[in-house]
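> Which chain is which? The protein sequence lines are D and W, in order.
At position 51 of the first sequence (counting the first as 1) the number is 50 in numbering that gives the first Met the number 0, and the numbers step up by one without a gap.
At position 273 of the second sequence (counting the first as 1) the number is 272 in numbering that gives the first Met the number 0, and the numbers step up by one without a gap.
Keep in mind the hints are simulated off the structure, nothing from the lab.
Heads up, a few of these hints could be off.
With the C-beta cut set under 7 Å, the calculated list includes, among others, these residues of chain D facing chain W [unchecked claim]:
no., residue
1, N35
2, H36
3, P59
4, R61
5, H62
6, R65
7, T71
8, L74
9, E140
10, E183
11, D184
12, R186
13, R405
14, L406
Distance condition first, Cα-Cα at most 16 Å in a straight line; then the derived EDC-like pairs of lysine to aspartate or glutamate [as the list claims (entries may be wrong)]:
no., chain 1, residue 1, chain 2, residue 2
15, W, K85, W, D97
16, W, K152, W, D192
17, D, K152, D, D238
18, D, K182, W, E68
19, W, K182, D, E68
Ideal Cβ positions, reconstructed from N, Cα and C, are used throughout, including at glycine.
2 protein chains.
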Amino acid sequence: MSDPHVVILGGGFGGLAAARALADSPVRVTLLDRQNHHLFQPLLYQVATAGLNPSDISAPIRHLLRHQENVTVLLAEATSIDAAAKTVVLTEGSISYDYLVVATGATHAYFGHDEWASRAPGLKSLEDAVEIRQRFLLAFEAAEREQDPERRKAWLTFVVVGAGPTGVELAGAMYEVARHALKEDFRAINPADARVMLVEGLDRVLPTYSKDLSAAALKSLHERGVEVRLNTRVTRIDDDAVMMGDELVGARTVVWAAGVAASPLGRFLGAPLDRAGRVKVDASLRVPGRPEIFVLGDLASVVQDGAPVPGVAQAALQGGEQTAANIMRSIRAQELAPFRYRDLGSMATIGRNAAVAAIGKAEFTGFFAWLMWLFVHVMALVGFRNRVAVIFSWAWSYVTFNRGSRLITRRVPPTLLSHDEDDDQPGALQTTGDASTAASEKPSAEARSAP
Amino acid sequence: MSDPHVVILGGGFGGLAAARALADSPVRVTLLDRQNHHLFQPLLYQVATAGLNPSDISAPIRHLLRHQENVTVLLAEATSIDAAAKTVVLTEGSISYDYLVVATGATHAYFGHDEWASRAPGLKSLEDAVEIRQRFLLAFEAAEREQDPERRKAWLTFVVVGAGPTGVELAGAMYEVARHALKEDFRAINPADARVMLVEGLDRVLPTYSKDLSAAALKSLHERGVEVRLNTRVTRIDDDAVMMGDELVGARTVVWAAGVAASPLGRFLGAPLDRAGRVKVDASLRVPGRPEIFVLGDLASVVQDGAPVPGVAQAALQGGEQTAANIMRSIRAQELAPFRYRDLGSMATIGRNAAVAAIGKAEFTGFFAWLMWLFVHVMALVGFRNRVAVIFSWAWSYVTFNRGSRLITRRVPPTLLSHDEDDDQPGALQTTGDASTAASEKPSAEARSAP
Chain D
0 MSDPHVVILG GGFGGLAAAR ALADSPVRVT LLDRQNHHLF QPLLYQVATA GLNPSDISAP
60 IRHLLRHQEN VTVLLAEATS IDAAAKTVVL TEGSISYDYL VVATGATHAY FGHDEWASRA
120 PGLKSLEDAV EIRQRFLLAF EAAEREQDPE RRKAWLTFVV VGAGPTGVEL AGAMYEVARH
180 ALKEDFRAIN PADARVMLVE GLDRVLPTYS KDLSAAALKS LHERGVEVRL NTRVTRIDDD
240 AVMMGDELVG ARTVVWAAGV AASPLGRFLG APLDRAGRVK VDASLRVPGR PEIFVLGDLA
300 SVVQDGAPVP GVAQAALQGG EQTAANIMRS IRAQELAPFR YRDLGSMATI GRNAAVAAIG
360 KAEFTGFFAW LMWLFVHVMA LVGFRNRVAV IFSWAWSYVT FNRGSRLITR RVPPTLLSHD
420 EDDDQPGALQ TTGDASTAAS EKPSAEARSA P
Chain W
0 MSDPHVVILG GGFGGLAAAR ALADSPVRVT LLDRQNHHLF QPLLYQVATA GLNPSDISAP
60 IRHLLRHQEN VTVLLAEATS IDAAAKTVVL TEGSISYDYL VVATGATHAY FGHDEWASRA
120 PGLKSLEDAV EIRQRFLLAF EAAEREQDPE RRKAWLTFVV VGAGPTGVEL AGAMYEVARH
180 ALKEDFRAIN PADARVMLVE GLDRVLPTYS KDLSAAALKS LHERGVEVRL NTRVTRIDDD
240 AVMMGDELVG ARTVVWAAGV AASPLGRFLG APLDRAGRVK VDASLRVPGR PEIFVLGDLA
300 SVVQDGAPVP GVAQAALQGG EQTAANIMRS IRAQELAPFR YRDLGSMATI GRNAAVAAIG
360 KAEFTGFFAW LMWLFVHVMA LVGFRNRVAV IFSWAWSYVT FNRGSRLITR RVPPTLLSHD
420 EDDDQPGALQ TTGDASTAAS EKPSAEARSA P
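Only chain D is shown next, with the shape it has when bound in the complex (with noise of 0.2 Å):
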């Protein structure tokens, strides 16, 4: 008789933690994802604004688990779930299981507003990550172009909607990127000069974190010049502006870290879903009346002493160890141990020397809080070499103020230069602004660019 096959969705921090804790168990493990590699989701903000290369923060699945014999990976997408055969259907092919885990995580939800994700994308994939550093590089070199003062402000106008680690962690490097990487590299404009404006439905920052905590990262931030509008709803998002409040901004860039929606592959298990599509399940993760699935990470919904249980990554690999305990209880007929997520303390970083951070009751701000951060993600980075890569990276950045990843990669989207071709100005392309970098022998190109 054949081991019992558990087919796991997804590689993420779940998905991973459940292989690897099923290594030396008599089953035979089925991880797949559509990606070929795992993400370390934490930093995606450092490779949206040029401080890390993709692969620095990612790794192949099938290399991380590639000691694990029992393991198989495969680069497929699940596009259901047949609870009742048993079996996960694939854009091409099945598969079955006997124990199915889903771990497919969360994507961004635009609260009803689909059409603004073209206009405003999320951070959760590294192509994703790359879009986004993309359209912020291009930003600067547009308004180097514009001769237009309000479209030149507008190109160098970056609004970060959401205020959660995400959001404060963006608009922080941003705002250091603009101010310290890019300082001496344009003649037409001063870098400097970009306003990082952060919208939040709420009443503070990091809302999910203490008061006194959220308010030392609101210090933090207005200190770095990033300007922070609480309690302020993003109602429209034009080619250019953004209705935030009472209050027309114009912007061309907009980055959107505010709602979380869980994988659709939850609405296929027949079990009750929370208001942003998570799984409702049991005490132990599982599927109510299916006892062969569990769901962990993003895509579940436990309530724990009366809160939700937060979609972090501590959660995720939590939850894929107790599931690979339960499910090798569940092998043996022995009674399944009830999930329980343990706090290890959770921090978010404003930019260099800055950041807070909670572990238990005790809580740190600033540069002590910053030091803990560099060490904890350093450390919890997949794989040797990336960690080694990071800290490289980072050390470098830190002591020369400039960014490694700086790259354009795709074809310039007509949109992101075009303007209108009525205005006739056939002179210099003016170089206004900015007397302390670009110094006095600024050249007057004679480019005739309609502004």
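Dock chain W against the given chain D, drawing on the hints supplied.
Then chain W, alone, in the frame of chain D:
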């Protein structure tokens, strides 16, 4: 009176060298490129084979020139040149010049078979390299899922067309990756079974090198397991097979490293072109009858001592420096100096510990040539940060046999994983082949993946 305006088209080796050499001269320089980055093309094959990150071999042009105050860098694409009006037409607007340096290089040519472009991408840009890396890595993923032995073989067969330096380096690196870096990662296939074929129409590899070095390179390729077909032309490229000579070889992944076509901008200069579209310039690299237009690098057709100057980085670099000096002579109404290409040597690497190099009359092969290659390429890399990053990546790869950039970032193209649906083998994803790597306890995952 303002300083003369020098417009440089292209931020490759030639254009960048010209801009740098004009640093302290009383001219205004505008450098245009449609990419934001300068690319170290000789190492592009390392990106295509997952050894280096795109940002390891590239740097933002404006960052490289940030301290040079008489230079403006613009991200823009030139569509034509109006030599009579001394104006370059851009996709938006135009720019006028007193002196024009055209250094827009070359791309690959399919010898009248442009329909091959999608099946057999060339390797000229970072996008090309990432595309080839994608196909290369996905082929192993597809082979892992494929159950039909013939079709699996086609997924594991890689054809490189053209045995110049790029072709030789690509084929060597591909074989090494399959043999070492992917060794333990798969269950159903043994990546070392991959077949790498190098097809050349002439009678030897590296045809521009001496016969001795060609023979040494061929021997190295054979020893490594690359199959070389000389005197063989590719006449058909289908979805799953390549016709080379009289032989039809099942192969899914084809890379084009054969022809070269000069940038189309050369056609607007009113000068005679050679067969590849290169501009026939005078002894000072000027367009005949247009003493204010210089053409250099891969776009220039220069004959020296009866032989054409090769399209290599050194020739572009020297042309750029010479042109900067000649522009200053022209401004001072002095006589221009003729361009003279000095061959500083050429080298190509076949893989780990093996390369061939010619420096003056001296020739080197094997490990010593490889060390020379390593040294020269690392030292030549633009920007100190890249240099350190590349040394690190290479040292890491060398010690671990691993590759750091095995990223598939875009969504899997359906064609790459598609296959007939008529076969019906409901059972296991078969785990054939390869007793040596994936060990005894291979799981027979119950994937119903139609072969």
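> Hint by hint, which ones does the structure fall short of?
none
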